[in-house]
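Asks: All chains, full assembly: derive it from the sequences and hints.
Note that the protein sequences, when read in sequence, are chains A and B. For the first sequence, the working numbering begins at 109 and goes up steadily by one. For the second sequence, the working numbering begins at 1450 and goes up steadily by one.
No wet-lab data here; the hints were simulated from the structure. Positions of the beta carbon are idealized from the N, C-alpha and C atoms, including for glycine. Check the hints yourself; a few may be wrong.
Stated by the list, open to error - Listed next, with one range per pair, are the computed distances between beta-carbon atoms:
| hint | chain 1 | residue 1 | chain 2 | residue 2 | range |
| --- | --- | --- | --- | --- | --- |
| 1 | B | Ser1523 | A | Glu178 | 16 to 22 angstroms |
| 2 | B | Gln1451 | A | Val160 | 44 to 50 angstroms |
| 3 | B | Pro1559 | A | Lys126 | 44 to 50 angstroms |
| 4 | B | Pro1489 | A | Thr130 | 18 to 24 angstroms |
| 5 | A | Pro216 | B | Pro1559 | 39 to 45 angstroms |
| 6 | B | Arg1466 | A | Lys125 | 48 to 54 angstroms |
As the list claims (entries may be wrong) - What the simulated footprint calls covered on chain B by chain A, stretch by stretch (three residues with Cβ under 8 angstroms from a Cβ of chain A suffice, anywhere in the stretch; the number is not a length):
| hint | segment |
| --- | --- |
| 7 | 1488-1502 |
| 8 | 1538-1546 |
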Amino acid sequence: EAQVTQNPRYLITVTGKKLTVTCSQNMNHEYMSWYRQDPGLGLRQIYYSMNVEVTDKGDVPEGYKVSRKEKRNFPLILESPSPNQTSLYFCASSLIPLDTQETQYFGPGTRLLVL
Amino acid sequence: DQQVKQNSPSLSVQEGRISILNCDYTNSMFDYFLWYKKYPAEGPTFLISISSIKDKNEDGRFTVFLNKSAKHLSLHIVPSQPGDSAVYFCAASVGNQFYFGTGTSLTVIP
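Replies: Take a look at the structure:
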């Protein structure tokens, strides 16, 4: 089954404790991206990657890191989480070029609470 | 600053009638527009898209209209069904970046 998986699905942590949210896709997609969803703000793009070892900042990259060492995986790293990073996070993947009917497939989301 | 806006947080429609969801954008460089549907506890799923060189795209019960001069996008669902009840996000892309609206919660009343 074609899918994007994220782990963990739920996470409660404390300020300053480094964490990683994993994302994996089995569709051989070149493009992968992370978003956060917040009430009243919709989904905002954090980082994206066009292929292995190619990453770029999205709209709200501050406080986050990513890496793309393998095509299927795109982990999101919070080196020193803060309460304002409490949010619902989505990973997505897509074929390239992006302006196709295929567009992005989203994972189920990771709900993060930073105390 | 929000580049893609959905000014109606919610919409209720009777089953069988038309649902019209609206979206406005500010960036004239956007070259592709999309609608996603989201159920609770799930990720968004792609619904329909339109290139900036077109003004209409249809897929079954779903039609997206683009008015570039007004920087306005709309999604029409005809006829609306109870299973269409979800949050709908419009999105726009420029280059490899995507910008989403805040979502409209559609309720289709049986």
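Asks: Look at each hint and say if it fits the structure.
Replies: Results for each hint:
Remark: the range hint 16 to 22 angstroms for B/Ser1523 to A/Glu178 is contradicted by a beta-carbon distance near 40 angstroms. Under the hint 44 to 50 angstroms, the C-beta atoms of B/Gln1451 and A/Val160, about 32 angstroms apart, miss the expected range. Remark: the range hint 44 to 50 angstroms for B/Pro1559 to A/Lys126 is upheld by a beta-carbon distance near 49 angstroms. Range check, B/Pro1489 to A/Thr130: Cβ separation about 23 angstroms, and the 18 to 24 angstroms hint holds.
Range check, A/Pro216 to B/Pro1559: about 28 angstroms between beta-carbon atoms, so the 39 to 45 angstroms window is missed. At about 51 angstroms, the beta-carbon gap between B/Arg1466 and A/Lys125 stays in the expected band of 48 to 54 angstroms. A count of 8 residues in the segment 1488-1502 of chain B with a Cβ less than 8 angstroms from any Cβ of chain A is obtained; the coverage claim is therefore met, three being the minimum. Interface restraint, the segment 1538-1546 of chain B with chain A: holds (5 residues with C-beta to C-beta distance below 8 angstroms; minimum three).
When held up to the earlier numbered hints, the structure conflicts with 1, 2 and 5 and fits the remainder.
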